[in-house]
Amino acid sequence: MTALAALIRRDIRIALRVGGGALIGVLFFLTVVVLMPFAVGPDLALLSRLGPAILWLGALLASLLTLDRLFMADHEDGSLDLITMSRTPLELACAAKALAHWLAAGLPLIVATPVLGLLLNLDMAATGAVALTLLAGTPALTFTGMIGAALAVTLHRGGLLMAVLVLPLSIPVLIFGVAASQAAITGPLSFGAPFSILCALSLVSLIVGPFAAAASLKHGLD
Amino acid sequence: MTLIDLANPTRFLALSARVVPWLAAATVILLTIGLYQSATAPDDYQQGATVKIMFIHVPNAWLSMFVWGVMSVASLGTLVWRHPLADVAAKAAAPIGASFTFLALLTGSLWGRPMWGTYWEWDARLTSVLILFLMYLGLMALWRAVEDPSRAARAAAVLTLVGAINLPIIKFSVDWWNTLHQPASVMRMGGSTLDKSFLIPLLVMAVAFTLLFVTLHLAAMRNEILRRRVRSLQMMQASQKAA
Numbered sequence: 001m002t003a004l005a006a007l008i009r010r011d012i013r014i015a016l017r018v019g020g021g022a023l024i025g026v027l028f029f030l031t032v033v034v035l036m037p038f039a040v041g042p043d044l045a046l047l048s049r050l051g052p053a054i055l056w057l058g059a060l061l062a063s064l065l066t067l068d069r070l071f072m073a074d075h076e077d078g079s080l081d082l083i084t085m086s087r088t089p090l091e092l093a094c095a096a097k098a099l100a101h102w103l104a105a106g107l108p109l110i111v112a113t114p115v116l117g118l119l120l121n122l123d124m125a126a127t128g129a130v131a132l133t134l135l136a137g138t139p140a141l142t143f144t145g146m147i148g149a150a151l152a153v154t155l156h157r158g159g160l161l162m163a164v165l166v167l168p169l170s171i172p173v174l175i176f177g178v179a180a181s182q183a184a185i186t187g188p189l190s191f192g193a194p195f196s197i198l199c200a201l202s203l204v205s206l207i208v209g210p211f212a213a214a215a216s217l218k219h220g221l222d
Numbered sequence: 001m002t003l004i005d006l007a008n009p010t011r012f013l014a015l016s017a018r019v020v021p022w023l024a025a026a027t028v029i030l031l032t033i034g035l036y037q038s039a040t041a042p043d044d045y046q047q048g049a050t051v052k053i054m055f056i057h058v059p060n061a062w063l064s065m066f067v068w069g070v071m072s073v074a075s076l077g078t079l080v081w082r083h084p085l086a087d088v089a090a091k092a093a094a095p096i097g098a099s100f101t102f103l104a105l106l107t108g109s110l111w112g113r114p115m116w117g118t119y120w121e122w123d124a125r126l127t128s129v130l131i132l133f134l135m136y137l138g139l140m141a142l143w144r145a146v147e148d149p150s151r152a153a154r155a156a157a158v159l160t161l162v163g164a165i166n167l168p169i170i171k172f173s174v175d176w177w178n179t180l181h182q183p184a185s186v187m188r189m190g191g192s193t194l195d196k197s198f199l200i201p202l203l204v205m206a207v208a209f210t211l212l213f214v215t216l217h218l219a220a221m222r223n224e225i226l227r228r229r230v231r232s233l234q235m236m237q238a239s240q241k242a243a
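So the protein sequences, as listed, match chains A and B. In terms of UniProt numbering, the first sequence opens at residue 1 and continues consecutively. In terms of UniProt numbering, the second sequence opens at residue 1 and continues consecutively.
Bound conformation, chain B alone (with noise of 0.2 Å):
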């Protein structure tokens, strides 16, 4: 690794050290707030309290395919323009979308139990996001096979843009099989059919998630650079022991 190579990455560090305790500090003003709103939230007719589940599983779902969008641009980076920061932005993010996919499912399950009855059901839109989860895991395990962090990152990318294929399969799940799981009721054609009083919280706590995820998401950078840069010494201290 050359001079070279490390100078983005340090401007990253500086640049990223100065963000990340105002976008920390956003998130949680914002996550209070939706937190409040979720709580004071009128109880829905139907499904009563267990309505305020959704304020919590709605942004997660998002986030889970909103982090593999991320993901995907990072690795048209790493493969096409060949940026240094794209692997480290692809590695850092899978862990965070394979906790929020997996906070989308519990929170889910959680309340399908009092909801349909049951804790699962091989419905199209579970189905696709429970694939979603196994091929973050799969990434992950990628990312750890492998010594080579460059080697890995590429095939990596490669990986990520075929898991893409996923993601509209994920959000029109929904419209083509008619299942269990509710049909868009947010963002959809002709607008929402949310009342006034269910629809701002949730999005106060989709952009709370989205400043957590951002935040955790350059943090974790930050950590993987650092990590790299402890590794390429230890790895000259090494070899100059070995000299």
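Isolated chain A, as found in the complex (with noise of 0.2 Å):
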């Protein structure tokens, strides 16, 4: 347990510090929301009716964007085998990097909302609905994104080839993740039930992405 939180502790200091490149991922965030107005015109109404839909998917980008540092940079330096090697299940190992990268890349997403949902006209109920959807459903991007990374430096490729494997993983989450926030905002839809399915999709890449991440590392490094 203890190796664990070290582990974690570990990482978050190292995402945190110069040349750690978490909050890159909260500046890709905000200049991806910042060029949509550009794409689709100034137009405030239009842009409050697709906020949710843009935050999701500036969301999925940055988180995607981060991951692939999530086993690179410990790959480079060696300690990933150490880590593989260490009596630590490599499946805890796995989740408890993850929760780190989470911890460091994803959580600034959820804190940076509300300031990007001022900039898309959204109102206050709509930016939580947002958040809350958000905080439900990047614990699934970045658990499954970390299948994506795990294969991508055993196989040494990073970039777009991960980005390939990964993104059709992860529509499901986006579906549901917009569904919520719209029905949350406007739908006569409830917002219960797209909301728990988003949870679940959670809970579920909680349990499959740390032991197809191991399962990949162990096969995969020599």
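Be aware that one or more of the hints could be misleading.
Some but not every residue of chain A turned toward chain B, in silico, with C-beta under 10 Å [claimed, not checked]:
| no. | residue |
| --- | --- |
| 1 | L4 |
| 2 | V34 |
| 3 | I175 |
Each pair of labels, with its calculated beta carbon distance range [claimed, not checked]:
| no. | chain 1 | residue 1 | chain 2 | residue 2 | range |
| --- | --- | --- | --- | --- | --- |
| 4 | A | R13 | B | G117 | 49 to 59 Å |
| 5 | A | L92 | B | V80 | 49 to 59 Å |
| 6 | B | H83 | A | R49 | 47 to 57 Å |
Derived coverage of chain B by chain A (criterion: at least 3 residues anywhere in the stretch with Cβ under 8 Å from a Cβ of chain A; other residues may be distant) [stated by the list, open to error]:
| no. | region |
| --- | --- |
| 7 | 10-16 |
| 8 | 130-143 |
| 9 | 160-167 |
Derived from the structure by calculation, the hints contain no laboratory data. On a predicted model such as this, the values are computed, not experimentally measured, just so you know. Glycine included, each C-beta is placed from N, C-alpha and C at the ideal position.
Quick one: dock chain against chain with the hints and give me the complex.
Below, the structure is given as structure tokens:
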């Protein structure tokens, strides 16, 4: 347990320091959201209708952008080999790393959401709904993305290949995340059903992600 | 690659060389019967002649999921038993499965245009099959992106098993979400709701398409084994030249 806590602390510290790159995700999120009015025009009514979708897309892309650092840096300096060989089960170590990554890179996205909601003309309730769905949904993005990150590090390929592999897996999260936020803002449909499915997706990925990532690290690293 | 590693594939090549012509002949016969029966099947009282698209669409859709199932079993073979042919089977199946999925989407949208009034609808069944198609393409990209076949095999196996989660979602999407795509009518509790004049051609076509897959898959596996042999021979030649 102390080993896992130490791993989480170490990962967060590295991510927040110079060269860690966790906060680049937030900057990217901001940039994507700012780009949208240029693409669809500065129509505030339209922006507030598209707002949840824009925020969700931005968060998805931002979390994808920072994900390939999850194992890559550790692989380069050799600490990934130590983690693989240590007595802590690799699945738990992977889960700890993903948790640390979510705390360092995913949580700032949610904190930034209210500010970005202002730019998109979302009211308080809508912003709260989007932030709540992001809070429930981004763990799923991180934990399924971890599978792609593990594959990327064993294949020495990152970037586009990882995006191609991970994005289809994240489509259900996007669907239910946006559906839940839309339901909370406008919809006649209930907020509970899509939100529960979103939570279920996160819980499933909490189990599947570490096992799949650990399997690909075990079989892939030489 | 040692001779022992090649021993099993050699037996596979000998066996498949004898089996493939028979399978191909059976496929041709069944496809002929199935297509004839589909063409002569009566028009539906609501859908008219467009119901005949179903005889192509449904087998393709079944196989798009069946092929991923085969690949998942093969992936278990790669990761658990390290069977030398398992990754060949998985790799050879992916383009075939992608083709079936594409054809299922294409025929579905051709049928949807006159029936639903739209080529595409973001319905749960359609979306989940589209995700399946994207995952097939991603797997194929993964195979192409990595030079070392065994390394690519293990990575692809993990991804295939993760993607298998999508299969029950596709199967039950029409029950879980009440959307445009009609619910299951052939394989359901309490027997099929299809009339015999539609059910028999459909089942014949399903068997024919499955045989088509098995034939194509065995042929593609043979090609893949031969391709790997050519590759290792070329590498041997190159290293001899270098030495």
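- Query: With 10 Å as the cut and Cβ atoms as the points, is A:I175 at the interface with chain B?
  - Reply: Since chain B brings a Cβ to about 7 Å from A:I175, closer than 10 Å, the hint holds.
Discussion item. Let's test the interface hint: is any C-beta of chain B closer than 10 Å to that of A:V34?
Written reply: Violated - the Cβ of A:V34 stays beyond 10 Å from chain B, reaching only about 27 Å at its closest.
Task: Coverage of the region 160-167 of chain B by chain A, judged on three or more residues with CB within 8 Å - done: holds (count 4)
| request: May I ask you to test the interface hint for A:L4 with respect to chain B, counting a Cβ-Cβ separation under 10 Å as satisfied? | output: violated (23 Å)
Verdict on chain A covering the region 130-143 of chain B, criterion of 3 CB contacts below 8 Å
Answer holds; 7 residues pass the 8 Å Cβ test.
- Item | Status of the given 49 to 59 Å range, CB of B:V80 versus CB of A:L92 | violated (22 Å)
*Holds or violated: the region 10-16 of chain B covered by chain A, criterion of 3 or more residues with Cβ-Cβ distance under 8 Å?*
violated (count 0)
### Query
Regarding A:R13 and B:G117, is the given constraint of 49 to 59 Å on their beta-carbon distance met?
holds (57 Å)
Holds or violated: the 47 to 57 Å window for the beta-carbon distance between B:H83 and A:R49? Holds, since B:H83 and A:R49 (Cβ atoms, about 53 Å apart) stay within the stated range.
When the structure is compared with the earlier hints, violations turn up for hints 1, 2, 5, 7 and for no others.
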